[in-house]
Amino acid sequence: MTLPRFDVLVPETVEQACSLLAEHGGGARVLAGGTDLLVDLKRPIVQERLIEAGGGDPGRFTTLGDGEPGAIDPWGSGDPPPDVLISLHKLAGLKRIEVLDDGRLRVGALATAREIQRVPEIRDRWTALAEGADSLGSPLVRARGTIGGNICNARPAADITVPAICLGAQLELQSPDGSRTLPGEQFILAPGVTVIEPAEILTAVTFPALSARTGSAYYKLGQRKALEISVVGVAVYVELAGDDTVQAACVTLGAVGPTPLAARSAAEVLAGGKPTGELLARAARAAAADATPIDDHRGTAEYRRLMVEMLTRRTLELAVERAGGRS
Amino acid sequence: MKRIISLAVNGVEHELAVEPRRTLLELLREDLSLTGTKKGCGIGDCGGCTVLLDGVPAFSCLTLAVQAEGCSVETVEGLAGNGRLSSLQRAFVEDGAIQCGFCTPGMLMTATELLRANPHPDEREIRLAISGNLCRCTGYQKIVEAIRHAAEADHE
Chain A
0 MTLPRFDVLV
10 PETVEQACSL
20 LAEHGGGARV
30 LAGGTDLLVD
40 LKRPIVQERL
50 IEAGGGDPGR
60 FTTLGDGEPG
70 AIDPWGSGDP
80 PPDVLISLHK
90 LAGLKRIEVL
100 DDGRLRVGAL
110 ATAREIQRVP
120 EIRDRWTALA
130 EGADSLGSPL
140 VRARGTIGGN
150 ICNARPAADI
160 TVPAICLGAQ
170 LELQSPDGSR
180 TLPGEQFILA
190 PGVTVIEPAE
200 ILTAVTFPAL
210 SARTGSAYYK
220 LGQRKALEIS
230 VVGVAVYVEL
240 AGDDTVQAAC
250 VTLGAVGPTP
260 LAARSAAEVL
270 AGGKPTGELL
280 ARAARAAAAD
290 ATPIDDHRGT
300 AEYRRLMVEM
310 LTRRTLELAV
320 ERAGGRS
Chain B
0 MKRIISLAVN
10 GVEHELAVEP
20 RRTLLELLRE
30 DLSLTGTKKG
40 CGIGDCGGCT
50 VLLDGVPAFS
60 CLTLAVQAEG
70 CSVETVEGLA
80 GNGRLSSLQR
90 AFVEDGAIQC
100 GFCTPGMLMT
110 ATELLRANPH
120 PDEREIRLAI
130 SGNLCRCTGY
140 QKIVEAIRHA
150 AEADHE
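Going line by line, the protein sequences match chains A and B. If you're matching positions, the first sequence starts at 0 in numbering that gives the first Met the number 0 and goes up one per residue. If you're matching positions, the second sequence starts at 0 in numbering that gives the first Met the number 0 and goes up one per residue.
Incorrect hints may appear among the rest.
Unchecked claim - Below, a list of computed lysine-lysine pairs in the DSS-like style, where the Cα atoms sit at most 25 Å apart:
1. B:141 with B:38
2. B:38 with B:1
3. B:38 with A:224
4. B:141 with A:224
5. A:89 with B:1
To be verified - Which bits of chain B does chain A cover? Going by a derived footprint, with three or more residues having C-beta under 8 Å, they are:
6. 15-29
7. 43-54
8. 62-68
Hints were generated in silico from the structure; no laboratory data involved. Even glycine gets a Cβ: it sits at the ideal position worked out from N, Cα and C.
So that you can see chain B by itself, here it is in the shape it has in the complex (with noise of 0.2 Å):
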């Protein structure tokens, strides 16, 4: 049976009938058409799927919907605001964080709630924060400058 929940996903209040068996995952991306969350492995080992819970990372794969009820959502489409990208996805797009892509959104989630708690992280807590975040073309060395420079240019 259906439950009727309600969330704000990137600040927009929705009101949604789930199944409990219905993960966040599948809300954000079936039901809210919020596509930029990926679906990688599906049990919580590649952070694809990764979005701010209340402000706290979490895999979506391995939330269900119903668990988010009340909650405050963010994903990736709420980093750019005015279509103007965060400084973190400007950063990720100039220095070449990104290659085909498929990670990127969960690395910017866990990145966006690094920056919040520790504005300026040094290399190893960096490469610390996203060791839950699989990529396998970058080889994240482009991906942790980036970071870095991203936390630089707010602080300019």
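Isolated chain A (complex conformation) (with noise of 0.2 Å):
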């Protein structure tokens, strides 16, 4: 066995897994895809084997979501494992994927990134978010790995957290107390730190509708194209008035920070001007500004600001194009 023991319950509803969730307080963890949880409760149990084995180096076992910036020290934290997990396999409700009548897009928390991918009208409208989870870990991965579960983890580097804050993501949250929707920038507070209650399960994920002249990308660079933590992640939305000057715009940073960061300074350079390519340059630089980036073994702060600048640039292009605009 590579696990530690823990019980596993599995409600039926999402009332029950809230209840649950309050009955066990601190003792519990929520399971959605376990492409995260699972990894982390095996990981001090495959590190003691290797050590048995003669090969207990913990720097050199690392995994997919340590050592991202401002990762958090998974020999040293601490925290017991949890005596429960609780299940939401059986909460078929929560993997449903659908365009709200008001054209908003709703997003259940439980959706696979293989799912969302799959979604035409996402990748037509809601590009960034497609792309985001184009880029998420492996086709495994992906096919596992759900946007609640990404966006709970709060990694800085979280590849659809950061496309789904640029899209500005409503969160909808349920306890046993009721519910309550909160914005997807206000969510996280540190690396794997937000707002969520003991007790509350994030259920649902939605958009707000776009306008026909709106655009959005996602890029991720790392140094590969699989099974990789962004070395930088940028997330940009614009939409366009009917005179072609920018309406409204969103940059988005993964990587370059303690959690995905919004770059308002591109985002102001951006608004009300036209979007020629010496603007877009301009609200690069200022994104590149806004980064708060470190050295790691991933890429150093200052290769990661000038990523951020050129990446910035690039993926506005691309926005602009894709709302109809030129730059």
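Could you fit the two chains together into a complex? Lean on the hints.
Encoded structure:
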């Protein structure tokens, strides 16, 4: 066995899931796709066996999820493993993806990256979200990993979370006391830390309706194309007005701060301007100034900042083109 | 405390008592003696343990057995029918896509699902599909060729 001892509870409804979570408090964790949680639970045991086998150098054993900027030290955190996992796999309703009558997109928290990738309306209109889902892990990670898990894990490099925040994600949270909706950008406080209450479950992510002249893009920079954690991730959203000026814009950066980061000065540069090459370049420089990267084994802060500028310019050009404008 | 779960593996129904922490991989290899599915890294990086769970590729090392309750599981043992290899398996043998063989069951399950969804993948689609299944022997070229040949053979 490579997992520690725990019990698994399988609620049939969201209400049940919330009350189980309330009942078990801090000793319980919510299990969605398992591509992060089960790895975290296995890691100490695999490490112990590596040491037994004479190959134990904690630094050598890295997996998806650690080593990113601000990652919590998996060896020294001292958190006891959970006694109880509350597995959501029976909550089929939370897998649903739909475009609502009012034009908003609603993605159930248990929708996998693979399911998100394959929805034509998402590819066509909420493009940055589809491109984020395309970039996550590997095909196998995408087949299990969920949008809810990606957001609740709160990693600064999370490939679905960064474009979701950029596209104005609203998070629907449910608890035994009722439900609330929270803007995605207010959800994550620090690496692995969110404002979610102990008995709360993220049930769905909704995205605002898009006007005809919007475009978005996500670019993940890594050292290889699969099974990679971003060195830098850039998500952009652009909405053009009738006179081809920028009506609204958003730039969200991944892996260059402790949380996904809103490049507010870049958005300010863009607002109201004609999306010329010169304006996009100026916005890209502003985004680089907004970034707060660190040096780590994936890249230096200096390299990351340069890449934020380059990739912001390129993704903005793409988003403007997708919005039907020319830069 | 053990749970009783039922699931279908390669079309055969099983009812088993499993510990909550037991992975689907452990259930397949240790309880059902289906050792075709390999344990590689154990943490979702290598793809050696890939099975199809209700038709979708899944790491069996990162799937709890209790999560597969009521599901249909396909493993490499289910690919050959009546002692006859599937066209994909034949292509792997004929093209030399197998060297040490450790990644082969996972590769076959991933490629089986690819060809079901997309019977005529181009090379880029094949490479993308197997990008979560690591092979340390072949350099992937012969695996890509075998998948392409299997797709062609199925439509001759």
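Here is what the structure says about each hint:
1. B:141 with B:38: With a Cα-Cα distance of about 23 Å, the restraint between residue 141 of chain B and residue 38 of chain B holds, given a limit of 25 Å.
2. B:38 with B:1: holds, 23 Å
3. B:38 with A:224: holds, 24 Å
4. B:141 with A:224: holds, 20 Å
5. A:89 with B:1: holds, 19 Å
6. 15-29: holds (count 6)
7. 43-54: Held - the region 43-54 of chain B has 4 residues with a Cβ nearer than 8 Å to chain A, which meets the minimum of three.
8. 62-68: n = 5 at 8 Å, threshold three: holds.
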